[in-house]
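Engineer: Start from the sequences and build out the full structure, keeping to the hints where you can.
First to last, the sequence lines map onto chains A and B. Those letters in the first sequence? Residues 10 to 356, by the numbering used here. Those letters in the second sequence? Residues 12 to 267, by the numbering used here.
Some hints could be false.
Think about it this way: if two alpha-carbon atoms lie no more than 30 Å apart in a straight line, the pair counts; the simulated DSSO-like pairs of lysine-lysine are [said to hold, decoys possible]: (1) 61(A) with 97(B); (2) 98(B) with 218(A); (3) 118(A) with 98(B).
Calculated directly from the structure, the hints in this document are not laboratory data.
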Amino acid sequence: MLRINNISKSFEKILAVDNVSLEINNGEFFALLGPSGCGKTTLLRIISGFEKPDNGQIYISDNDITFNEPFHRPTNLLFQNYALFPHLNVYKNISYGLEQEKIHTNKIKLRVEEIIERTDLNGLENRTPDQLSGGQKQRVALARCLVKKPKVLLLDEPLSALDKNLKELMKIELKKLQNEFGMTFIMVTHDQDEALVMADRIAIMKDGKIIQLGTPKEIYDQPTSFFTANFIGQMNFINAKNNKNKIVFKNGFEIINSKFNHNQREIDKVGLRPEDISLKPMDINNDISFKGIVKYVAYHGKDLEVTVKTDISEENIVIRTSKFEENIKQNDEITCYASLNSIRIFY
Amino acid sequence: MKFRYKFYLILVFSFLYIPICILIFLSFNKSGMPTSWGGFSTDWYVKLFENKKIFYAFLNTLIVASISTILSAIIGTLLAMGMELKKTNNFIEGIAFVPMIIPDIVMAISLLSFFTLIQMTLGLHSIILSHVVFNIAFVCAVVRTRFKYFDHRVIEASYDLGAKKITTFYKITLPIIFPGVIAGSLLAFTLSVDEFIIAFFTSGAGSSSTTLPMLIYSMIRFGVTPEINALSTLIILFSFMIVLLSQRLNKESIIS
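Structural biologist: Pasting the structure below:
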């Protein structure tokens with residue numbers, strides 16, 4: 010288990026990581042997700058030993074490794090640009106890490122050959138990195154880490170340098186490898202899709218702090234902050250006020266539900282995901298509905314994005330709906346439906 | 012358009028190389044006079060090799076160039092590494108390159124004053140030290156061009172894979188920058204071979220520390236002999252080959 014205790018790190022006057030504590034379980038696929046400059050890469054570099062924290066400790070299996078040099082810790086880092094050794098061939102790149110350990114040459118050979126097999130690099134052993142494609146380079150970089158059998162594998166934006174199709178393929182591939190090897194993976198990414206698809210748990214980082222931690226489902230369905238809701242997926246934000254157990258919108262429209270228990274806290278906004286809004290009633294007892302006028306319709310291939318001007322909000326509301334509703338046109342008057350359960354509240 | 016371009020090119024190269032061509036041509040002149048052609052001959056080359064004075068001066072030059080090249084290759088490479096891998100400021104960048112552009116005569120005088128001040132006896136060793144001073148800057152400059160194509164993350168990758176700092180230097184950093192180190196050393200070697208002013212000032216009085224350029228200088232005081240033409244031809248050939256080799260290495264290094 011990896012334990013991070015109150016880690017802080019600043020560069021000159023900028024606080025990059027601000028008192029972060031985390032526990033990551035063995036065999037977990039963990040994602041650090043956030044916009045650039047949120048401190049996620051710094052945190053990764055602290056775990057891998059390239060940066061020393063100002064405060065706090067890091068434990069792997071209860072050993073304090075906070076100030077261990079990178080070559081003295083059971084972690085390996087998959088670099089964003091792969092950082093393969095340009096003067097060594099694929100085989101030598103992979104065996105390099107094992108040669109640093111006191112391992113018998115025959116054993117190194119066996120382990121390197123095994124990993125070449127498992128990462129599908131057969132026949133490329135004698136090529137140098139400049140003779141490899143982007144995907145192949147990544148597999149070599151991955152093999153170079155996996156062959157060391159680290160307790161924790163750190164991945165720095167692992168898919169950012171790949172093209173779209175390869176990216177989709179590698180998402181599944183990385184997940185599969187992680188399962189097979191049973192290793193702890195900690196991935197840094199700014200791409201919410203990558204985090205949602207691959208990770209067991211996600212930590213959302215902002216300004217050096219973790220602002221939400223949870224499974225992809227928890228993060229997506231119950232964002233606890235405006236920032237998370239905005240960063241993960243799309244969200245319509247509607248200004249609203251609360252009156253006991255009622256939510257009151259701009260035009261006086263009210264939602265009454267005993268589930269809303271506000272403890273005297275002022276509501277700031279409510280959120281509705283575009284895909285949670287339907288143009289057909291779903292459950293009469295549990296739906297809210299509002300009327301609006303269609304401003305734009307955009308065809309997105311797998312669905313339609315409809316922008317609607319409504320009475321309940323100053324901002325236009327965006328709806329994702331089935332592409333079979335092709336008859337929707339600009340200036341149509343429509344009724345939108347949403348389940349009460351899909352309404353998120355932000356204070 | 013194309014013709015004009017070629018014409019100018021030929022003009023520039025003629026300006027650069029006609030004097031050298033004349034020198035090479037005269038080194039094969041049997042008569043020994045620059046004004047009359049007495050037929051083709053390699054006599055001057057034979058005479059050159061029989062000249063003991065020239066041989067010892069050549070030996071001195073070789074000793075100075077070799078030792079100063081090795082020393083400046085080591086120090087210059089370390090300097091380049093330090094400047095590329097650590098943060099430096101403009102001031103450090105500047106003073107690392109001053110020895111390259113400072114006039115030789117100024118450098119020669121300052122080195123001589125320095126050696127006198129610390130009461131060091133002059134000789135081959137003081138020439139070697141002086142050559143190291145300016146060669147460091149040249150080696151450093153060439154090695155740094157190699158670092159421009161060097162992904163610094165490979166050093167971190169090496170640490171990450173369990174290699175300590177010394178291993179990383181020998182197995183990763185040095186092999187990657189090595190073509191640059193060789194190219195820089197070759198440049199330093201040629202510079203040292205034909206360096207005159209600094210060697211002249213820092214060699215001391217004894218004739219035992221006379222280098223080839225110094226000998227040539229003392230010989231032409233009595234006129235340019237065909238022997239010197241032959242010697243110069245050989246030096247040109249040698250420099251040309253080394254520069255070619257150095258360029259080739261640097262090009263390869265950039266491609267890979």
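Engineer: Now look at each hint and say whether the structure bears it out.
Structural biologist: Hints versus structure:
| no. | hint | result |
| --- | --- | --- |
| 1 | 61(A) with 97(B) | 17 Å, holds |
| 2 | 98(B) with 218(A) | 28 Å, holds |
| 3 | 118(A) with 98(B) | 40 Å, violated |
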